[in-house]
Structures are given as C-alpha cells and as structure tokens.
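Protein chains in written order, with my numbering: chain W, 2 to 316; chain F, 176 to 491.
The set of hints was computed from the structure by calculation and includes no laboratory data. Among these hints, one or two may not hold up.
If you want a taste of the chain F side facing chain W, the calculated C-beta under 7 angstroms gives, among others [as the list claims (entries may be wrong)]:
(1) Ser-269
(2) Asn-272
(3) Pro-284
(4) His-321
(5) Leu-323
Idealized CB from N, CA, C, for every residue including glycine.
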Amino acid sequence: MSYFLVRRGIGFVLTLIAVSVVVFAVMNVLPGDPSLTILGIDSTEEARAALRERLGLDEPVVSRYLAWTFGALRGEFGTSYAFDVPVAELIAERLPMTLSLAISGMALTVVLALVLGIAAAARHGGPGDWAIMLFSQLGIAVPAFWLSMLLVLLFAVHLRWLPPGGFPGWGDPLAAARALVLPTVALALVQSAVLARVTRSSVLEVMRLDFVRTARASGLPRARVLWRHVLPNALVPIVTIVGLQFAGLVTGTIVIENVFYLPGLGRLLFQSIANRDLVTVQALVMLFAAIVVTANFLVDIAYLLIDPRLRGARA
Amino acid sequence: MIAARGLSIRTGAGHAAVRSADLAIRPGERLGVVGESGSGKTLLALAMIGMVPEGLQVSGEIAVGGTVVAPGDEAAWQRLRAREVAMIFQEPMSALNPLARVGDTIAEPLMVHRGLTRSAARAQARELLEETGIPQPERRLDQYPHELSGGQRQRVLIALALACDPALLIADEPTTALDAAVALRITDLLVRLARERRMALLFISHDLAAVARTTEAMLVMYGGDIVERGATDRVLADPAHPYTKGLIAARPSLAQRGRRRLPTIPGTVPPLEALAEGCRFAGRCPVELPRCVHLRPAATATASGSAACHLLGAAP
Chain W
2 MSYFLVRRGI
12 GFVLTLIAVS
22 VVVFAVMNVL
32 PGDPSLTILG
42 IDSTEEARAA
52 LRERLGLDEP
62 VVSRYLAWTF
72 GALRGEFGTS
82 YAFDVPVAEL
92 IAERLPMTLS
102 LAISGMALTV
112 VLALVLGIAA
122 AARHGGPGDW
132 AIMLFSQLGI
142 AVPAFWLSML
152 LVLLFAVHLR
162 WLPPGGFPGW
172 GDPLAAARAL
182 VLPTVALALV
192 QSAVLARVTR
202 SSVLEVMRLD
212 FVRTARASGL
222 PRARVLWRHV
232 LPNALVPIVT
242 IVGLQFAGLV
252 TGTIVIENVF
262 YLPGLGRLLF
272 QSIANRDLVT
282 VQALVMLFAA
292 IVVTANFLVD
302 IAYLLIDPRL
312 RGARA
Chain F
176 MIAARGLSIR
186 TGAGHAAVRS
196 ADLAIRPGER
206 LGVVGESGSG
216 KTLLALAMIG
226 MVPEGLQVSG
236 EIAVGGTVVA
246 PGDEAAWQRL
256 RAREVAMIFQ
266 EPMSALNPLA
276 RVGDTIAEPL
286 MVHRGLTRSA
296 ARAQARELLE
306 ETGIPQPERR
316 LDQYPHELSG
326 GQRQRVLIAL
336 ALACDPALLI
346 ADEPTTALDA
356 AVALRITDLL
366 VRLARERRMA
376 LLFISHDLAA
386 VARTTEAMLV
396 MYGGDIVERG
406 ATDRVLADPA
416 HPYTKGLIAA
426 RPSLAQRGRR
436 RLPTIPGTVP
446 PLEALAEGCR
456 FAGRCPVELP
466 RCVHLRPAAT
476 ATASGSAACH
486 LLGAAP
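Next up, chain F with everything else stripped away, as it sits in the complex (with noise of 0.2 angstroms):
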C-alpha cells in the first residue's frame, strides 16, 4: 500500500501547484490519473517517487508499505525507487542513455540493488525484456537505444522499472509520444504485467480512452485539486463535477464526425497564480456559484465515488 495524505507542492512563489492531496494504490489497484497540461498530475507522480524537482515545495505526508518517508529525504527514497516505486516516463526517446548498451541499462539495477554479478544479471535482464514481449530479447541486450524504435524503448524502459520487482510502477504518459497501434499495445502490457505481478499501477494522462483502457480507478485532477474519483467506468459514464463533464464532452468519437465543431470547455488553464482560491474550476465551469471563487468545496460522495463540487453538497 501506498498512500499520501494532505500532499501539497508548492512554488517558490508559494503558489500552489498541488493543493493537499489525498490517495491509495492498493497493491496490484491500477489508478489513473487525468488532467490536462498544468494540472498537477505529474507533479503528484514526482512526488510519489520523491523525485520533485528542486525549488519546489512538498509537505504532507507519503507512506510506503506502512512506513512513512519525508518528501525530502533523499537517501530513503533513494533506497525505495525500484525496489518499492519504479517509474516510466513520457518520452522514450530521450529516456535512455544514448552511450550505454540495453542490456547493461537494464542490469544496473539489479547489480546495484540486488548485488547480482554482471553475467546473472545479464540473464535476467534478457528475462524482463522477453516478459515486456519485444521482438529478440536476447539481440537487444547488445543494442544501443538509437537502434531500437519508440515502442521497444518503452518496452526497454518498462523491463528497467520493473527490474527490482517494485509494489508500484508509475507510469507518466507512457504512451504520447507513441503512435496509436504501438501505444495500444504498451497500455495493454502494462495492464497484462501490473496483473501478473500484482503490481500497482499508477497511469497519469490525458488520454481518457487510454485510462478507461488500463485503469480500474481514476482520479481528475485540475489546478493542482483531485477533482473527482471513483471506478474508472463509473466516473467515465457518469461523471459529477462540470469539469469531468466537460472533459468527457470533449472528446472526439467517431459519431460526431464531420457534423459540428467538436465541443471544448472554454478558455484554458490560467497560470498558477491566477487559479481562484476556492474551486480552481472557478471561472471556465459552465454552472458557477458566487461562492466557488473564494470558497473550496469539499470532496462530496456520488453514484461513481466522490467529487469536489459545490453543486453537489449541501449549501451552507
């Protein structure tokens, strides 16, 4: 299990970039996050692995299988990544080192972590690349990343996450830069490996259709707020807060093809330090209240899990 309460990150300028984050993976839960750009999505992620970059600020608390690691507490956190935590990041072609062959990106860890020798753990390098299903394992050991396509290197850098067998692998838009036939089948092998494994899974993206895919539970978050929760097929065919609506009403289907304009939640995320103080939706929600702009609305319970709205509580 891990878990953060009241989780913030802040800006040097104080501003609040995650405002008092509460969440659970379950082991083998698969959670997704949702947001746009700006929302905090990554950042939490970051912070789940104790890597936020420097000058920001964390406080709150994260706790992992039980035991509770400051945010800042480099050497502990550096004994848990890979070993509790691993993560994949967004851009496979810049995610390995271009001078290091595979195999030994790959078997780094496990002689740092596990003391295994160069040869053991070699073999079980070639081991996690066949389990991530990319074509002649054993060849790629000797490959450099330049010689291997977008998908195998995600494919490299999902066998390097899992390489210490981790309790959660953080997967932060695996899939953007992917083309869509391949990004299918990385979302799929994630599900398939969090499965076998009982791996938690935590999938941050913008992709709905990439979430609804992968994930059982799901988080929305904008400006820095969780804005809603609940099963992931449950939020999706019902959503509650006016920005899960919209963000759902916003997506291309095939349906709507060449009828009308593509429906959009209007304006764009406004910079931090414009954020309202109260719902950070105030100001683009479509069904505002006088008092959502200076008033934050607490997480309310719904048909799918809860939401942060005011039209859904009681008034005050």
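Pulled out of the complex, with its shape left as it was, chain W reads as follows (with noise of 0.2 angstroms):
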C-alpha cells in the first residue's frame, strides 16, 4: 500500500465529510419551513409543530445532522414532502439516466479529445494543428445549451434524424441510445474542446523530454515512440483535467437534461427546487458532491497506474 494511496484515502473521506457538513448546513440556515410547505398556509400552527415533531426538525442540529448522516450511508435519505415516497427511491428512478449521460458523455469527451489532441501535436505548426486548434476554440467559446438547441433544431427538427428530447425508458434499448445521441454530444463537444487543448500541449511537452530522443535514437517508428513513451507519460495532466471535468459534466447534466427533458437527477433537483422540498434537494446535492470527490479519488489511483513513482512507500 503507497503512501500516497492512504494520504489520497484519508483525504477522499475528510473531504466527503466537509461537504456534508456544509451542504446540511447550507440547506439548514435557508429560510422556509418545511412543515409550512407541506401543510400549507392555512394550517394551524399546532399542526405544523406536530409534523415538525414528527419529521425530527425540533431536535437538535447536531442530533438531526448525525441522523442524515448515518441515514445516508445506508441508502436512506428521508421522505420527499412533495413526492412524499422515500428519496432514495426518487434517486434510485434517475440514477442510470444521468450517469449513464455522464459516462458516455466523459467516453466520447476522451476519445475526441486524445484523437484531436495528439493529431494536432504531431501536425506541431502545420495546417492541421492550426485547424483542430480552431475548432476546440470554438467548442471552448460556444456555451452547451445553445449548442443543445442548434443540435435539435439541425437533427431532429430538419434532418429527423435523433427524437428531439424525452426518454422512452430503458425497456427498447436502441430507443433508449438514440435518446442519449444528442445530450451525449451536446456534452462532450464543449469539454473535448477544453481536453484538446490540454492533450496537445502536454504531448507537445513531453515530445520534448530527453527519453523521447532516445526512443528515435533507437530507431522506433515515429507512431510507436508517439503511443509508447509520449502518451503515457502526457497522461497525467490529462487526466488531471478529465477528473476536473467529470465534475463539469455531471453539472453539466443538470442543464442537458432540462434542455432535453430527460427524467434524470438534473430534473430532479430543478422539480425539487421549485417544490422547495429540501430533503430531495439535500440528497441529490450531497450526492452530486460525493459524485465529484469521488472522480476525483479515482484520478488519483489513475496516477497511481501510470506513475510507479507514485506507487513506493513514500512520494
């Protein structure tokens, strides 16, 4: 076990913890009675103090925080005023449509960006370099929702090609994939943009390092010395950012997903909002928190595989 790991490790959980505490506590200092919104205006306040008696509010903040807390380690998140069915069941629902949007959207965002990325870097000041340099600056510049739109307008309005958004469940799989065509795109062009970038310059750099010299000297093709010992050693940056950016994409659902109306944990949290139904609110931003450090914890066990540098006892 490295160092690192166990430092990286400890933390992954300080972090997790940090974030529960603000996050309730965000949600805990918000104005707004629950008991109020679920009643109504016209209720008695005797009611609203029985409902508030029976839903934990009036014990203490630290008493209710370790309650959430243990709560939501095992899978229970409280009932939904609005919905009034268990969150976890809400979130259970919308879960595989907006990891599986964040997953293929990550997929394609590497694949594009490491095609673009290094082809533009063994095209160094050529045309082609110049011409992917372009284009990922427009990717960097367009913002993802008018993106979305001219997207549905180009292959579902004109070309009726992709449905325009909605989800016709996971039970017709192909349908369900050609729902997931235009978000994924609309996803990934902008972030392969920024990962473009990232990928070339640091190929560009390690192009540089004395090894790749001795690579050539050795009489390896220009395509081996590139995938072999360049690659490789340009991951780490690379991903550096891809786990900055898993954070930008599950974010990024949020949008997509009210963009193309699709029922994932983005319309969640939006419906919730509205409703004001903090409990729901309070799960689905703790989990989007735990989401992200969680992509975070995984980058750094990826450096651990690229690097063996990283793997000894101290580093």
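Fit chain to chain and form the complex, with the hints in mind.
Rendered as structure tokens:
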C-alpha cells in the first residue's frame, strides 16, 4: 500500500465529511419552514408543530445532522416532502439516466480529445494543427445549452434523424440509445474542446524530453514513439483535467437534462427546488458532491496506475 | 565504415554551426571529438545518426557501410538507427522513459527490429545488462529508472544502445553528469565493449582526460570547424593548433595546485553570427595573422596528424 494512496484516501473521506457538513448547514439556514410548505399556509400552528416533531425538525441540529449522515450511509435520505415517497426511491429511478449520460459524455469527450489533441501535436505548427485548434477554440466559446438547441434544430427538426428530446425508458435499448445521442454530443463537444488543448500541449511538452530522443535513437517508428513513450507520459495532466471535467459533466447534465427533457437527477433537482422539497435537494446536492469527490479520488488512483514513482512507500 | 564528407549544418538564419566537416570511423576504431560548448561537436554527432534538430539545415554526404544516406531521409535513418548507429546521451537521469520497466525499454528495439518474442527479448536484455557489468542484472529488468543510480542508468542506456549490435556507438558526453569514479568506470566499459564487439566508438567530450583514456584518434573542434586531428596521444603530447595548445594548457593538474591561477584561453566562444569567416579561432588566438579573419586555413599535415592553421601552412 503506497503512502500516496493512504494520504489521498484520508483526504477523500475528510472531504466527504466536510461536504456533508456544508450541505447540511446550508440547507438548514435557508429560510422557509418545511412544515409550512407541506401543510400549506392555512394550516394551524399546532398541526405544523406536530409535523415538525414527526419529521424530527424539533431536535438539536447536531443530532439531526448525525441522523441524516448515518441514514445517508445506509442509503436512506428521508421522505420527499413533495412526492411523499422515500428520496432514495426517487434517486434510484433517475440515477441510471444521469450516470449513463455522464459516462457516455465522458467517454466521447476523452476519445475526441485524445484523437484531436494527439493529431494536432503530431502536426505541430502545420495546417492540421491550426484547424484543430480553431475548432477547439470554437468549442470552448460555445455554451452547451445553445449548442444543444442547434443540434436539436439540425438533427431532430430538419433532418429528423434523432428524437428532439424525452426518454422512452430502458425497455427499448435502441430507442434509449437514440435518445441519448444528442445530449451526449452536446455534453462532450464543449468538454472535449478543452481537453483536446490540454492533450496537445501535454504531448508537445513530453515530446521535448530526453527519453523521447532515446526512443528515436533506438530506431523506433514515429508512431510507436508517440503511442508507447510520449502518450503515457503525457497522461498525468490529461487525467487531472478529466477528473475536473467529470465534475463539470455531472453538473452539465442538470442543464442538458432540462434542455432535452430527460428524467434524470438534474430534472429532479430542478423540480425539488421549485417545490421547496428540501430533503430531496439536500440528498441530491450531497450525491452530486460525492460523485465529484469520488471522481477525483479515482483520478488519484489513476495517477498511481500511470506513474510507478508514486507507488513507493513514500512519495 | 561510417563517414561524413563536407558535412555542414546551418541555422535558419544561415550561420554555419558545423562547416564542411570530414570524418571517417573504421570498424572498431575509437574516435574522440573534443571541443567547448558550442563547438558543434554534438551537432556533428547527431548528424551521424540523422537526428539533427528540426530547423537546422544539414548538407553534405553521410555514408553508412558504403551506402549514402541523405541527411533528411527519416525513413532511411530509422532503419539504420540501433542496427548500424546507436547513441547514448549526456543526461542518464532523464534519458530513460520513467514509466517503463528497464527490461521492457531494452527489449523494445529487439522486438521491433529483430522480431523477437517478448520472452526472448527479455532474456537478451538480461544478457546485455550483464555485459554492461550492472550488479544484479536479473533484478534490474523489473525496476524503473527512478530506482537506479546515475551510473546504473547509464549502463542501462548502454545496454539499450548495444541491443541491436550497432557498428558504431556515439557517446555524447556520457560521463558529464556522473561523479568522477563512476565516470571512469563508464569510459572503461565503453572501451571494453568497443574492443570485444569490434564496434566503432565516437566519443564526444570536453574532458581531455576522458578522451585520452578512451580513444585512439581524436578531432578537435572550434566554432563548427575541425581544427586539428590525429592520434590521441600524439595530439595531446604535441598539439599543433593554437586552440588545441590553449585547451591543453588550461587543464588543471595536481602539480600546479595552489601555485598560480589556472591558465585560460582569453575570451569565450562567440555566438555563431560573430565568428570570423576565416579561421574560427581568430579574435581569441594568441598568434593571429592578418589573413586569419578572412581566409579559412586548409588542413596541413603535422607531426601528429593535421591541423587547420595559417601558421603551419606555406605563406600564400
């Protein structure tokens, strides 16, 4: 077990605890009495007090925090004020939607970015490099929601190749996949534009290092030098940005799900905020934060797989 | 036999970093190239393996084993590298891929060029490591560069360079980054390997003692010109060119310890664009003649070989 992993593992747990404290605190200082939301303004003070007691809202903050945290660890987030079903159920129904969108978006981002970034680096200074960098500059400048609308106009309204939005459910995998194409592309194009630039500059930087000269002096073909020697060494900054972008993608799904009318966590979050469904909002914000923190922990593990120098007892 | 004729290397601005150099290395011969930083010795070495950096223009003729290779013919050079000409570099700390096991690094050219299987290449990598005298060669195969010392890394790089049994090994200041005791062992290793394998060695260094220990013949470079050449011991004992004389006089020796300041060659190597069109050493030379600045001296036979200096030739 490496020192690096132990240190990052401790950091991972501490970050989650800190996030849970902040999320809980923010949700509990927000004005608005849940019992008023649930029972309506015509309700009596006695009825509201009884409900607060039933919901445990009259207990001290610390014991409420602990109850919430340990419940969340068991997968229990309480009962939604608005839908009157367990929040865990609401989340379980919608999580596959959001996760498949985020993961397919990330996969497309990485593939596009690596191909474009490496191609640009290999053509450094040439017209190919110039064209790819121009494309990525455009990608960075364009907001995802606007791009989504353009994609819908072109591929759904004019060409009628793909559905403009909505989700047919997982029962028909082909239809489900078709419904995910445009949202995935909308998510990935913008992110890959950023990642392609990172890839290009990282590859160019590694190409100047001494061991690349050694590989060339060994008579290895250019492509082999690029894939076997340059790229693995260029991965660390790329993986770092991928970790950060995964956070952007997960939050990006909130916007994209609303544009494409997809029943995922992002739409649930919107609805819950509109309904002042604080229990659900709190659970969702915590979940999004946990996904992001986990993604960053996975990035740390990826560093370990890439770089043997971090695997030692001390690093 | 590997030879260069009329080899010139120019910068984008047209300044000559190497001026029409001729050299030939016979099988098994150990040739030293001596010069200060900026003398063009590393560029000359890189040209012999087709790896002059982009942006520089190489002209002239390079022949490897009798076939002429165009300086820019990357495909041809790729076939020659490792198998005909191999090279080790100055900085063993950064010259190995930090993410690859040493055994895999050495095995790679064997698999690519010789078509060996992974296990056969690995067995051969082990033998090569053993040949370089690295302690515990078997264990090294699975180690990463950061787990090795500088001297061990240079041995790994030597093993890598030897993998495909090249006719010529170019060593560009292979000991500069190593401490003195390790440096001696590496130079001795290079000599032993060159002898045992009948492999030619082109040894680039600014260290006259290392060149004396390693090579039979030497070239002295200044400002992109080969100013003197000959048998190593004779050039060092009886230098003919004023620059070579200055270089030898500037060597610190124990006998001079504490008595006086070290003699130096006055001034520093000027930038390429400021070098004289005639003799490159003009301006720093203690015995300069009026024509030196404009007229490039031709190589003239000397007791130890030849030197390019107007003082040695007949007056025009």
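*Mind checking the CB of Asn-272(F) against every CB in chain W and telling me if the closest is under 7 angstroms?*
holds, 5 angstroms
_Hinted contact Pro-284(F) with chain W - closest CB pair below 7 angstroms_ = holds, 4 angstroms
_Checking hints one by one. Is His-321(F) an interface residue toward chain W, by the C-beta closer than 7 angstroms rule?_
At about 5 angstroms, which falls below the 7 angstroms cut-off, the nearest Cβ of chain W leaves the hint on His-321(F) intact, so it holds.
_Hint status (Cβ of Ser-269(F) to nearest Cβ of chain W, threshold 7 angstroms)_ = holds, 4 angstroms
_Is the interface hint satisfied for Leu-323(F)? The criterion is a beta-carbon contact with chain W at less than 7 angstroms._
Nearest chain W Cβ about 12 angstroms off; hint violated.
In summary, the structure is inconsistent with hint 5 from the numbered list given earlier, while agreeing with all the others.
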